[in-house]
Amino acid sequence: MGMGGRIQAISGPTVTVDLKGLKLYERVYVGNAMLTGEVVRLEKEKAVIQIYEDTRGLAVGEPVKGVGMPLTVRLGPGLLGGMFDGLQRPLERLRQDMGPFITGGKEVYALDYMKRWKFTPVLKAGEAPTMGTVIGTVDEGAFKHYIMCGNYSGVKVAHMRDGDISLDEPLGEYEDGREIPGCNEWPVRMARPYRRKFAPAEPLITGQRSIDFLFPLARGGTAIFPGGFGTGKTILEQSVAKFADVDIVVYVGCGERGNEMADMIAEFEELQDPWSKRPLRERTVLVVNTSNMPVAAREASIYTAVTMAEYYRDMGYHVLFLADSLSRWAEALREISASLEEMPGEEGYPTYLASRLSGFLERAGVVETMNGRIGSLSMILSVSPPGGDFTEPVTQACLRTTGAFLMLDTSLAHRRHYPAINWFQSYSLYAKEVAGHYREKVSAEWDEMLLRCRQLLQQEEALREVAEIVGAEGLQDTDRMLMRTAERIRTEFLQQNAYSDDAFSPPDRTLAIIKGIVNDHDRAMGKLKQGASLEEAV
Amino acid sequence: MRLSEHIYRTISTVAGPLLFVENVFSARIGEVVTVHTPDGRDMEAEVLEIDGDTALVEVYGGTQGLDIERTSVSFSDAIKKVPLSGDIVGRIFNGSFQPKDGAPMFIPEKQTPITGAPINPAARARPADFIETGFSPIDGLNTLVRGQKLPVFSAAGLPSKEVVASILKNSRLADPSKRFVVVFAALGLTFHEYSFYMKVLEEMQTGFVAFVNMADEPVMERLLAPRFALTVAEYLAFEKGMDILVIITDMTNYCDALREISTAREELPGRRGYPGYMYSDLASLYERAGRIHGLEGSVTMLPVVTMPEDDITHPIPDLTGYITEGQIVLSRELHQKGIFPPIDVLPSLSRLMQKGIGEGLTRADHRKVSNHLYKYYAKGRDLRRLEAIVGRDGMTKVDILMLDFADAFEKEFVGQGAKRRTVFETLDTGLDLMKKFSLEVK
Chain A
76 MGMGGRIQAI
86 SGPTVTVDLK
96 GLKLYERVYV
106 GNAMLTGEVV
116 RLEKEKAVIQ
126 IYEDTRGLAV
136 GEPVKGVGMP
146 LTVRLGPGLL
156 GGMFDGLQRP
166 LERLRQDMGP
176 FITGGKEVYA
186 LDYMKRWKFT
196 PVLKAGEAPT
206 MGTVIGTVDE
216 GAFKHYIMCG
226 NYSGVKVAHM
236 RDGDISLDEP
246 LGEYEDGREI
256 PGCNEWPVRM
266 ARPYRRKFAP
276 AEPLITGQRS
286 IDFLFPLARG
296 GTAIFPGGFG
306 TGKTILEQSV
316 AKFADVDIVV
326 YVGCGERGNE
336 MADMIAEFEE
346 LQDPWSKRPL
356 RERTVLVVNT
366 SNMPVAAREA
376 SIYTAVTMAE
386 YYRDMGYHVL
396 FLADSLSRWA
406 EALREISASL
416 EEMPGEEGYP
426 TYLASRLSGF
436 LERAGVVETM
446 NGRIGSLSMI
456 LSVSPPGGDF
466 TEPVTQACLR
476 TTGAFLMLDT
486 SLAHRRHYPA
496 INWFQSYSLY
506 AKEVAGHYRE
516 KVSAEWDEML
526 LRCRQLLQQE
536 EALREVAEIV
546 GAEGLQDTDR
556 MLMRTAERIR
566 TEFLQQNAYS
576 DDAFSPPDRT
586 LAIIKGIVND
596 HDRAMGKLKQ
606 GASLEEAV
Chain B
32 MRLSEHIYRT
42 ISTVAGPLLF
52 VENVFSARIG
62 EVVTVHTPDG
72 RDMEAEVLEI
82 DGDTALVEVY
92 GGTQGLDIER
102 TSVSFSDAIK
112 KVPLSGDIVG
122 RIFNGSFQPK
132 DGAPMFIPEK
142 QTPITGAPIN
152 PAARARPADF
162 IETGFSPIDG
172 LNTLVRGQKL
182 PVFSAAGLPS
192 KEVVASILKN
202 SRLADPSKRF
212 VVVFAALGLT
222 FHEYSFYMKV
232 LEEMQTGFVA
242 FVNMADEPVM
252 ERLLAPRFAL
262 TVAEYLAFEK
272 GMDILVIITD
282 MTNYCDALRE
292 ISTAREELPG
302 RRGYPGYMYS
312 DLASLYERAG
322 RIHGLEGSVT
332 MLPVVTMPED
342 DITHPIPDLT
352 GYITEGQIVL
362 SRELHQKGIF
372 PPIDVLPSLS
382 RLMQKGIGEG
392 LTRADHRKVS
402 NHLYKYYAKG
412 RDLRRLEAIV
422 GRDGMTKVDI
432 LMLDFADAFE
442 KEFVGQGAKR
452 RTVFETLDTG
462 LDLMKKFSLE
472 VK
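Here the protein sequences come in this chain order: A and B.
Going left to right, the first sequence walks through residues 76 to 613 as the numbering used here numbers them.
Going left to right, the second sequence walks through residues 32 to 473 as the numbering used here numbers them.
Among the hints, a few may not be true.
Here are the simulated DSSO-like pairs of lysine-lysine, each with C-alpha atoms no more than 27 Å apart in a straight line [claimed, not checked]:
1. A:516 / A:272
2. B:200 / B:368
3. B:368 / B:192
4. A:181 / A:121
5. B:209 / B:450
6. B:141 / B:131
7. B:112 / A:181
8. B:141 / A:181
9. A:181 / B:111
It should be emphasised that the hints constitute simulated quantities derived from the structure, not laboratory data.
Please take these sequences and the hints and turn them into a complete structure.
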């Protein structure tokens, strides 16, 4: 630990240093400004480091120091409601320290070590905790925060404290004299362990009719929203973040707009979680690396966020991880790969894009945690394909590993049909697994209605071509009735205004709306068969 | 800090705007260096990359006449900064920040690095309040809001120049007591365009800061001028409390300059030869728009993008659209009909419109009027396809009414000509139009 070396070369976000004995992915401090970096390549006499901050002003010959540890995040009470950058620096405290602009080179810890918590021990003297064992609890907003044992094991506890603590005080002591810490560090690129994993079987209710009804998601599952610009990816991601039926939401603004994040922060202060009726901010952790913040930190941001998500999953909570947008992460990967002069694959992306991505997506799942609880981590990721072209490498790599594909359609968005989820191209592989739940918990008619809704939309699609040629007037009454019903499904059922009371639609309301439309249709069709005119039938 | 100035005469390679200087002692990334040419000229340059004691330097001006033996390079130990002062308002500069209006250089109050620092997302305030451009299709249906970045997507042959000039002249805030300044960066201007814009600026007299790079001036300046403009904008906004509208035309010239420099550096080309980092690079400009909690001013951006081959999926408009908050699209069809401004409201969108309209900002009925105009016009436009197949005679009365409405909307509401309309006139024009066709406004 604490080895020193000097900068030899600088190129974009990467520097080469003459430092031996570093480990791959070890964290380093670079230059007089102490910029944070990570070792990405080792050669005989030198190491290549990717830097998480702006390298402007860095000079050859400046010192470099290894930390002896990989890039980690700090895990402990106080993360909920927080907003961090890609390296888990708390943005609010950065603002207090350095003003409205981020100038870099400053280390601020994610957790507030001065804050007092009321600690209730669970572990007793004489017990020997292992990795993940619950030591005790504190109340973090509405949540019980289970403080868990780091990977220190095998030694019995000598005594535990009780009551008022802060994070820079030990919670107790082991028999060999070591302190029991209230928070732990965990390397971001390493998935946190669990006992076993289960296949997703429970639905993840989003409150979006077109998702819950047509393409249901599952807790512990993964889904992508690809769409060109203006198709409403961000609004949809944020709507899901607001209304999803989970305990905790971790949202990453990865390489996206700063104004959107400002808007989201302000909105989350005002809005309530529809399930627990508590302020949304209390259940949310935000990781924000806007498009003009350093590109390497953008690459790290999704790992920082998912590690925090796993931490809450380990307490037995249902956690939803949302990233907007995964394409910006992949582009950051490409930029770093290019500055390392690696051999490029398709469209300049490194050839390890697909394996990195699948490795990341596999961190989702329903698990039995190390302390025997059941927790889940679900992922919903937006993808921004260049030119709205879904054949590009990021979308294609995602399709191979994710369970649901919700395609956002530019032509629907042009017609102001939001959410612009295309009902013919999208799919969910969880539909079968979770159908039983909706059938039992909501209504036995769920499957039948789903089938009817699909049929009506398909029939309309076929009819529409005819109608374009002969005009709506040239169609038969039954066909016109069908077009009318399909139009209602589109406007009254599939469309959902994200800024109205309708933004959140619980499953029973979802079913009631579609049932209403289908019943009206059947009634009108019945009348038409008896010879009534279209106007009379409606 | 270095105690002495370092001058080198160790250039090993000259390639386009790039120089390799060898045996350099502790150079910095982004360091400003001066290149002394054999014929006695001095040119500014910047350190791009360092490998051991070899520095890769990029020259801002033209590199014609440089040689390997006699050209020398002096290193300054400082990074690129711009001079700033409140006296900058009303001035015109070239792409190297030299006065272009004949007046002497102002005395700077301070110097600031040109790249700026990202605004902390926790310090950002939501964009809010209305900026009036004087154009009905923008003010009425795609409202520009303080702190927003809203590009204009144009195409070759469309009058983007006239649209920009009008916005330059006519933009104002709802609150006249606030100081409003337009910062104008023009990249790769032909002489024809230059004389056009100069006339506009002359008429305006003040209330602007302009940076002008001509088509035959160094491409490197095209990368610098927008950064000068934004640094000035941030200074005037966040230190002087003014509201700033930054207009950059044309971002296509900017991106082509970026591509040219990138290939000279032998970087891997991405889509259509543009570098893979173009998204991050564009974001480093566009994201400088915004408002900050606790500070008075704002930076709003209106970049102009000319879509090559009228293709909105081309990397330049595509990446721009992914970063900005909406777009104003100019249409060839409307232009051919003689409609000015030829703004097609259907593909146009201002994502932040809701933050700038309604009671107290514009008028209580703004949203309603705008939604209805959009709806009826979209319907009429849709019916035009049907008209092409079955003919007007085969259509119902209601459909014909909608067709006529769409025509009238284009002629009267969109096609206002060079005349400036206030937002109230815009809304009234829209209401009158719907009344004329007896269309409901619920």
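Checking each numbered hint in turn, tell me which of them this model violates, lowest number first.
No hint contradicted; all consistent.
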